[in-house]
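Taken in order, these protein sequences are the chains called A and B.
Just add 21 to wherever you are in the first sequence, counting from 1, and you've got my numbering.
Just add 136 to wherever you are in the second sequence, counting from 1, and you've got my numbering.
Among these hints, one or two may not hold up.
[To be verified] The calculated DSSO-like cross-link candidates involving lysine-lysine, where the alpha carbons are at most 27 angstroms apart (straight line), are:
hint, chain 1, residue 1, chain 2, residue 2
1, A, K38, B, K230
2, B, K198, B, K230
3, B, K460, A, K51
4, B, K460, A, K38
5, B, K358, B, K599
6, A, K51, B, K230
These are calculated hints, taken from the structure and not from any lab test.
Remember, predicted model here, so these are calculated numbers, not experimental data.
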Amino acid sequence: MNPDHEAYVDAALELNKMALAPDLRLDVVKQFELLARMKATLDSEPIPADEESSNIFRL
Amino acid sequence: MNTFPFSATECVDAFTRGECTAVEIAESTLARVEKANPALNAFTEITAPRMRIEAEQMDRSKRLNRPLGALAAVPYAIKNLFDVVGITTLAGAKLYANRPLACRDADLVQKLNRAGGLLAGTLNMDAYAYGFTTENTHYGATHNPRDLSRSAGGSSGGTGAAIAAGLVPIGLASDTNGSIRVPSSLCGVFGLKPTYGRLPRTGTQMFVSSLDHLGPLATTTKDLALAYDALQGADLLDPACAPRASEPVLGKLDQGIDGLRVARLTGYFDEHAGAEARWASRAAARTLNVADEIELPGVAAARAAAYLITAAESGALYQDQLRKHIELFEPLSRDRLIAGSLIPAAWYQQALRYRRWYLTQVLRLFHNYDVLIAPATPITAPLLGQATFTIDNCEFSTRPNMGLLTQPISFIGLPVAVAPLWHDSNLPVPLPMGVQIIAPPWREDLCLRVAHTLEQAGLANSKIHRG
Chain A
22 MNPDHEAYVD
32 AALELNKMAL
42 APDLRLDVVK
52 QFELLARMKA
62 TLDSEPIPAD
72 EESSNIFRL
Chain B
137 MNTFPFSATE
147 CVDAFTRGEC
157 TAVEIAESTL
167 ARVEKANPAL
177 NAFTEITAPR
187 MRIEAEQMDR
197 SKRLNRPLGA
207 LAAVPYAIKN
217 LFDVVGITTL
227 AGAKLYANRP
237 LACRDADLVQ
247 KLNRAGGLLA
257 GTLNMDAYAY
267 GFTTENTHYG
277 ATHNPRDLSR
287 SAGGSSGGTG
297 AAIAAGLVPI
307 GLASDTNGSI
317 RVPSSLCGVF
327 GLKPTYGRLP
337 RTGTQMFVSS
347 LDHLGPLATT
357 TKDLALAYDA
367 LQGADLLDPA
377 CAPRASEPVL
387 GKLDQGIDGL
397 RVARLTGYFD
407 EHAGAEARWA
417 SRAAARTLNV
427 ADEIELPGVA
437 AARAAAYLIT
447 AAESGALYQD
457 QLRKHIELFE
467 PLSRDRLIAG
477 SLIPAAWYQQ
487 ALRYRRWYLT
497 QVLRLFHNYD
507 VLIAPATPIT
517 APLLGQATFT
527 IDNCEFSTRP
537 NMGLLTQPIS
547 FIGLPVAVAP
557 LWHDSNLPVP
567 LPMGVQIIAP
577 PWREDLCLRV
587 AHTLEQAGLA
597 NSKIHRG
């Protein structure tokens, strides 16, 4: 596991006042690692810097 | 029971011609459900008293020569994230078991009832709609009627199973990343995920608001069109619902595909498809005389962005409850919800920005094509509890990856129909594989015309056993 991700998860859990059992904390770290891999895949496809977001969008 | 009409079209015809009463149709439906549901676990609640009352009202309307709706005396059932008056809206979650009873029907349930539909019950799903296999720790797994040892898909597995088992001809479901299309593919029924914003979500439990769609599954393309037409009509209480008038499709089904420019999606969609999925995509292309093959730009990143948006929005939705009632959460998805609630805002924003860019790129392809086709799921129905599947020596976790081929499409809200195909494999029990039929925004009619063409050609079929 990436120690930076593990440290981030622990800090974010504490900030959000979420106390987890050790096995669940480990599962959460693994899921966060998966999300980090998804972010890396997303970053592999560069888009223009001025592209707007679409949180609520109508087609 | 075999003498009773089954498909929605047959029910409407038989009822309006006076060949049977609505009460007889309701009783035959309830008998089928009582007999088959213990093995399937598709229904979480059977609304027999309500169905009988609705059927009696329908018979009375007919006796009094009142206008009958387009779905007169058609049984239907709904995923248990739709509000039904007098029932707790579970959304598959123990977390919601003690919430107050719904005080009115969801907008789409009201529409089906106004059209004459008879509600048979509510259907099982993955908790919160977070999953692709309907393996629910608190309410049990739903079994696939084609092979009870296999998954019905998810998160709308109860809807797929109820239709495939011949319990009801139409059902309602939701689709955030593939939850209409995956069960349609694995159970072998027709499904429609309309354009994002087409059908109002008022009175349903949200999961990922910026990706949540609602839509029907059905036994035939005619039944699917009949249901979809009854469901249309904007409701501005849903801020994402577009203020568009109804655009009926039933009358367009027989227009055929002459003049339509169709292409098969390759690249990512072939690379993440097992043998049956590749066969289905190619068989559909052959039947439609499609020679063109194209690739979508940036599909892997689109799937990744959809994954991040799902995690971030659902995590934010449930963070407070996770903090207070972690013990009530589904063990199969609580780790994903917690991790999603911790995502940096910059990741989520980048995914949203990518969505805008990707939509623009894909819409450009529709200058040259009217319809795109691709497999709906990477594999046929996995075994319940199956942890992984393999494609070309690559191993994938089953539960998060059954949506590999659906996520990049719903991510930008395009309308998609699924048509079920049957590969002549060596398996002792034949398993279906769905094909996605994808059109530009607001062109559900094109999706359904192509699905109907595949059905008319004999390639697509839901093979419903009349129980």
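Verification of the hints:
1. K38/A with K230/B: holds, 23 angstroms
2. K198/B with K230/B: With Cα atoms ~41 angstroms apart, K198/B and K230/B exceed 27 angstroms; violated.
3. K460/B with K51/A: holds, 22 angstroms
4. K460/B with K38/A: Distance of about 10 angstroms is within 27 angstroms: holds.
5. K358/B with K599/B: holds, 15 angstroms
6. K51/A with K230/B: holds, 25 angstroms
Hint violations for this structure: number 2 only, all remaining hints satisfied.
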